[in-house]
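K.L.:
Chains A and B, in that order, are what the protein sequence lines are. With my numbering applied, the first sequence corresponds to residues 36 to 318, in that order. With my numbering applied, the second sequence corresponds to residues 36 to 318, in that order.
Hints in this document: simulated from the structure, not taken from any laboratory. Don't take every hint at face value.
Since the list can't tell identical chains apart, any single copy or any two copies may satisfy a pair.
Claimed, not checked - Straight-line C-alpha distance at most 30 angstroms; calculated DSSO-like pairs for lysine-lysine:
1) Lys-184 x Lys-233
2) Lys-253 x Lys-184
3) Lys-143 x Lys-184
4) Lys-143 x Lys-131
5) Lys-261 x Lys-250
6) Lys-261 x Lys-233
7) Lys-253 x Lys-233
2 protein chains.
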Amino acid sequence: MRIIESIAEMQQAGEGWRCEGKKIALVPTMGYLHEGHLELMRAIRSHGDVLVTSIFVNPAQFGPGEDFERYPRDLERDTRMANEAGTDIGFIPHVKEMYPEGYQTFVKVTEVTAPLCGRSRPAFFRGVATVVAKLFNIVRPHAAIFGEKDFQQLVTIRRMVQDLNMNIEIIGHPTVREADGLAMSSRNAYLTPEQRRKAVRLNRSLREAQTLVQKGEKTGEAILNKVREVLAEDDDVRIDYVQLCDPSTLQEVTRIAASTLLALAVHVGVARLIDNAILNPSA
Amino acid sequence: MRIIESIAEMQQAGEGWRCEGKKIALVPTMGYLHEGHLELMRAIRSHGDVLVTSIFVNPAQFGPGEDFERYPRDLERDTRMANEAGTDIGFIPHVKEMYPEGYQTFVKVTEVTAPLCGRSRPAFFRGVATVVAKLFNIVRPHAAIFGEKDFQQLVTIRRMVQDLNMNIEIIGHPTVREADGLAMSSRNAYLTPEQRRKAVRLNRSLREAQTLVQKGEKTGEAILNKVREVLAEDDDVRIDYVQLCDPSTLQEVTRIAASTLLALAVHVGVARLIDNAILNPSA
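Chain A with its partners taken away, still in its complex shape:
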């Protein structure tokens, strides 16, 4: 695996491969890699002749008081893991080159970013869309992959790519989970052993909702109540949101009439964790 830190060098390399007819695949990450990221690399490997993994903790997607400074970082471990998972190029730009003095351009997707995480993290998706647009312009990939754990992020990127005519295939990949069902996340590192045990409630609540729906429940409020009941708020667990929405527009729905996204965000200790599931109404 070759490490590239310079934007100009990455851009030149990407343009060069393109003109040699090589396909470029990109896995954008904020580092502190886990099995979920490695799965993304393996899944997209076959879509590209060159696999680029970017590692960049993007300050533009953290709000004031959020965890930019303490976000976990381990570049040595990351590069070893990315290499073993088949990455050809580790693109690791510097914050000062990505956002030099005087930086002032942002990409905003307006509607799908409004509900869910957009409510409590108003600058988050603007930061995500902006950095992904930049990475796309720098790496010039034919395809890029994003995990479905960050479902709203995936919908936002798809929308941006379509609206701005970016001509890049966006691949969504199913959430990778720990043995007990907890969705893998770099932020799980924030959990104490006690909180880690409680965090399993997120996925359990989603599965109980799926069971309810399979049994014929179609009323949104009944499903949301079940989820809230399983999440059981206490000193360590605090619900940010639990919501049902259309999986393409992310607009709220109150009845399960079609395939529906159940999405939730929960504070567990200092960690803010998210998870989601698709609910399909029983025939």
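Add chain B to chain A, keeping to what the hints say.
P.N.:
Quick look at chain B alone, frame taken from chain A:
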């Protein structure tokens, strides 16, 4: 000249030329071409093997109550003129393909768009940056050219290209003027003969300001007063703004200590006309 209307066809053509090693040059226009546009085509011709002129009246850059509906259009004349000026490809997309239902992504350059025209046309530069980003992604040019008459637009595009790592050379071209000095603009078509005569005051006021500065005047207010005096408001002529600012940041300056942009916007009848000049302090 070949006409392309489909976004997919244009994108495929652009990518194809790139990989054949051909350089692509772009002149983005809203049509109703005049000598100023033709000058841009001739000036950038040598920068590209393929010259693309886009013609698209962009609804996203018109505010409510502005002149989107009545903006002058003459596609037959435009294609003939573009062809004669050396255009290879006339890219003429449809509004419904550029902004399909559900469209919701915008590029916003925050600081350089705030003063001058940004004050009276708050959505204008968001619309400009968005459509230019789209055109760049569709046409994939190596270079694009913009007239200096729209100086703030040029600064905005340069900033966007730099911030979003677009890797496109942005060329600014000096304003092309009528014999009496009026800057060429499609909106000059709105003027009655009487208003057309009065419109010459815009350029005259700029030249008088330059003369003042050459004579040693450095005080901003004295220069602005001279400009306002020459513009002489009456029933047909109403000043939107007259301002002095730094040509890179567009921040207001009150003394001519270095190269300074003098920019103005004036309503002449139903037309809103803009013009500008660079003032260089005498040695």
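K.L.:
It remains to establish, for every hint, whether it holds in the given structure.
P.N.:
Status of each hint after checking the structure:
Proximity of Lys-184 to Lys-233 under the C-alpha cut-off of 30 angstroms is restricted to the intra-copy arrangement: shortest distance 19 angstroms within a copy versus 63 angstroms between copies. Taking the shortest Cα distances, Lys-253 and Lys-184 sit within 30 angstroms of each other inside one copy (24 angstroms), while across copies they are farther apart (60 angstroms). In the homo-oligomer, the alpha carbons of Lys-143 and Lys-184 lie at most 30 angstroms apart both inside one protomer (21 angstroms) and across protomers (28 angstroms), since each shortest distance falls under that limit. In this assembly of identical chains, the alpha carbons of Lys-143 and Lys-131 lie at most 30 angstroms apart whether taken from the same copy (22 angstroms) or from different copies (20 angstroms).
Proximity of Lys-261 and Lys-250 under a CA criterion of 30 angstroms is satisfied intra-copy only: 13 angstroms inside one chain copy versus 80 angstroms between copies. For the identical chains of this complex, Lys-261 and Lys-233 are intra-copy neighbours only, at 17 angstroms inside a copy versus 73 angstroms across copies, given an alpha-carbon limit of 30 angstroms. Taking the shortest Cα distances, Lys-253 and Lys-233 sit within 30 angstroms of each other inside one copy (28 angstroms), while across copies they are farther apart (69 angstroms).
In this structure, every one of the numbered hints holds.
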